[in-house]
Amino acid sequence: MGSEIARKHPALPFLNEKIRIMSIFLALPVLGIALMIQTGIISWINLLSGGADLIMAILVTWSLQDRVKTSWYWAVTAGLMVGYVSGLPWYIPLAGYLLVVGAGRLMHRRVWQAPLLATFVVIFIGTFGMHLLTFGYLILTGSSFQFGDVISLIVLPSTLLNWLLVIPVYYLIKDLANWVYPLEVNI
Amino acid sequence: MKSTFPRSLQTAFIILVVVGFVMLALGGYFGSITNWFGQITVGSQTWISSRFLAISDFFTAPRDMASLRQRNIELEADVARLQTQIIDLQQQVTQTEILSALVDFARTNPENTYKAAAVIGRDPSPFLRYVIINVGSNEGIVRGMPVVTQQGLVGRVEAVVSEAARVQLITDQISAVNIRLKNSKTEAILNGSITGDLSLGMISHDVKVEPNDVILTSGLGGDYPPNILIGQVVSVSNREYELFQTASVQPIVDFSRVEFVLIIINFQPVDITPLLPTPNP
Numbered sequence: 005m006g007s008e009i010a011r012k013h014p015a016l017p018f019l020n021e022k023i024r025i026m027s028i029f030l031a032l033p034v035l036g037i038a039l040m041i042q043t044g045i046i047s048w049i050n051l052l053s054g055g056a057d058l059i060m061a062i063l064v065t066w067s068l069q070d071r072v073k074t075s076w077y078w079a080v081t082a083g084l085m086v087g088y089v090s091g092l093p094w095y096i097p098l099a100g101y102l103l104v105v106g107a108g109r110l111m112h113r114r115v116w117q118a119p120l121l122a123t124f125v126v127i128f129i130g131t132f133g134m135h136l137l138t139f140g141y142l143i144l145t146g147s148s149f150q151f152g153d154v155i156s157l158i159v160l161p162s163t164l165l166n167w168l169l170v171i172p173v174y175y176l177i178k179d180l181a182n183w184v185y186p187l188e189v190n191i
Numbered sequence: 002m003k004s005t006f007p008r009s010l011q012t013a014f015i016i017l018v019v020v021g022f023v024m025l026a027l028g029g030y031f032g033s034i035t036n037w038f039g040q041i042t043v044g045s046q047t048w049i050s051s052r053f054l055a056i057s058d059f060f061t062a063p064r065d066m067a068s069l070r071q072r073n074i075e076l077e078a079d080v081a082r083l084q085t086q087i088i089d090l091q092q093q094v095t096q097t098e099i100l101s102a103l104v105d106f107a108r109t110n111p112e113n114t115y116k117a118a119a120v121i122g123r124d125p126s127p128f129l130r131y132v133i134i135n136v137g138s139n140e141g142i143v144r145g146m147p148v149v150t151q152q153g154l155v156g157r158v159e160a161v162v163s164e165a166a167r168v169q170l171i172t173d174q175i176s177a178v179n180i181r182l183k184n185s186k187t188e189a190i191l192n193g194s195i196t197g198d199l200s201l202g203m204i205s206h207d208v209k210v211e212p213n214d215v216i217l218t219s220g221l222g223g224d225y226p227p228n229i230l231i232g233q234v235v236s237v238s239n240r241e242y243e244l245f246q247t248a249s250v251q252p253i254v255d256f257s258r259v260e261f262v263l264i265i266i267n268f269q270p271v272d273i274t275p276l277l278p279t280p281n282p
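Going down the list, the protein sequences come from chains A and B. Residue numbers for the first sequence follow my numbering, so the first one is 5 and each next one is one higher. Residue numbers for the second sequence follow my numbering, so the first one is 2 and each next one is one higher.
With the rest of the complex left out, here is chain A (with noise of 0.2 Å):
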């Protein structure tokens, strides 16, 4: 059947592979443009000491949606472009946002007719994960702090902000991957 189709429709692989190409490369503009507005504006809004993090929501949702399978390069392009800005190292947000875009693409195989619940619980697995790590690394390199005091004052109100952020954010991603990767049209 596949092959029949490829048959009849030669242009078929280049066009996938075409949508393939731009989806890598919107990474560029698009979290770009987030992490603008996550150091500009959202970084100052906090709770306690916990703040939302525009770029983990993007890449949750954008890892969960249907048809994407570029979310790998799009952690990546993440994680270094934070890196560059942040006080943090480079492979920690690194290594976080492929720990978020591996739990979301787990998820999407096990609760993918739930898509909202899921962004729910890898944005929670992704806000602990990131700020394990960041929380191990500062330990690491001397910093004394109580982890009573990170999980209350850092990590659950983060966790608790992600969730307020990632709802409007995901019906944006939703709509840009419906527009990257247009419904299959029967043949």
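Don't read these hints as lab results, they were simulated from the structure. Only a predicted model underlies this, so the values are computations on that prediction, with no experimental measurement involved. Ideal Cβ positions, reconstructed from N, Cα and C, are used throughout, including at glycine. Don't take each hint at face value.
[To be verified] Between beta-carbon pairs, the in silico distance windows are:
1. P33(A) - L221(B): 43 to 49 Å
2. L100(B) - I171(A): 37 to 43 Å
3. P227(B) - Q150(A): 29 to 35 Å
4. S101(B) - F128(A): 45 to 51 Å
5. L120(A) - A81(B): 36 to 42 Å
6. F128(A) - L244(B): 37 to 43 Å
Once you have looked at the hints, place chain B on chain A.
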């Protein structure tokens, strides 16, 4: 019937009478009469004009309604545009006031050379207290330069690229600043924390530290110039079983609202790393 006066004499008489009236008028002898006449004529004219306009409006108003609506829309658009301009101008006034205060601060501290910068962002990680400023190595900024506002110490430049720099605030949890207490003439270390609160450490038990003591940079260690205001002591914790006293500090700078900063560009931080003892193998 022929007139008894010749024609030229009549003309001369008329001219004489007219000139006489004019002279009397110029001399002010007709003031009350002209006022009275003027009031009557102007009042009458006003009455007639207002009635004419009222009648005219009555007949032309329905025809002008569309143009009035159009005009109203245009004026509302103008009002919206002007309100936007007012907001912009108010923002510019606020920025000008801040910059003016920074300029005043720079003038009153002529021993330093400053470079002004705007704060354009904050570190994405909630664990770190860094801000991003819009000047970098192209403007002569290098790593380690102290950053202040007109109120007091903000932090120091931690990383630089060509057009921007990252500033570590003194509230960052790995920040440590050598300070001196102005009243008790003692030195201590100011530490940041994960919550952004500031605390003093390394204060000996025999030193009397009191709330409201003013905190200044000491200049020890070569990281910051001396005598930059930081804040004041809020409370002191003096427990006998601890090696040192500790104190919580209220910074003078509101770090949540820092918009513009000054970088002290003529201060070269001292690298004391070669002086630190290395463990023998």
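Mind checking the hinted window 37 to 43 Å against the Cβ distance between L100(B) and I171(A)?
At roughly 39 Å between Cβ atoms, I171(A) and L100(B) fall inside 37 to 43 Å, so the hint holds.
Taking the beta carbons of F128(A) and L244(B), is their distance inside 37 to 43 Å?
Holds, since F128(A) and L244(B) (Cβ atoms, about 41 Å apart) stay within the stated range.
So the hint says 29 to 35 Å: do the beta-carbon atoms of P227(B) and Q150(A) match that?
34 Å, holds
Do P33(A) and L221(B) keep their Cβ atoms within the hinted range of 43 to 49 Å?
Holds: the Cβ-Cβ distance is about 48 Å, inside 43 to 49 Å.
Satisfaction of the hinted span 36 to 42 Å by the C-beta atoms belonging to L120(A) and A81(B):
38 Å, holds
Does the beta carbon distance between S101(B) and F128(A) stay inside 45 to 51 Å, or does it fall outside?
48 Å, holds
Every hint from the earlier list agrees with this structure, and none is contradicted.
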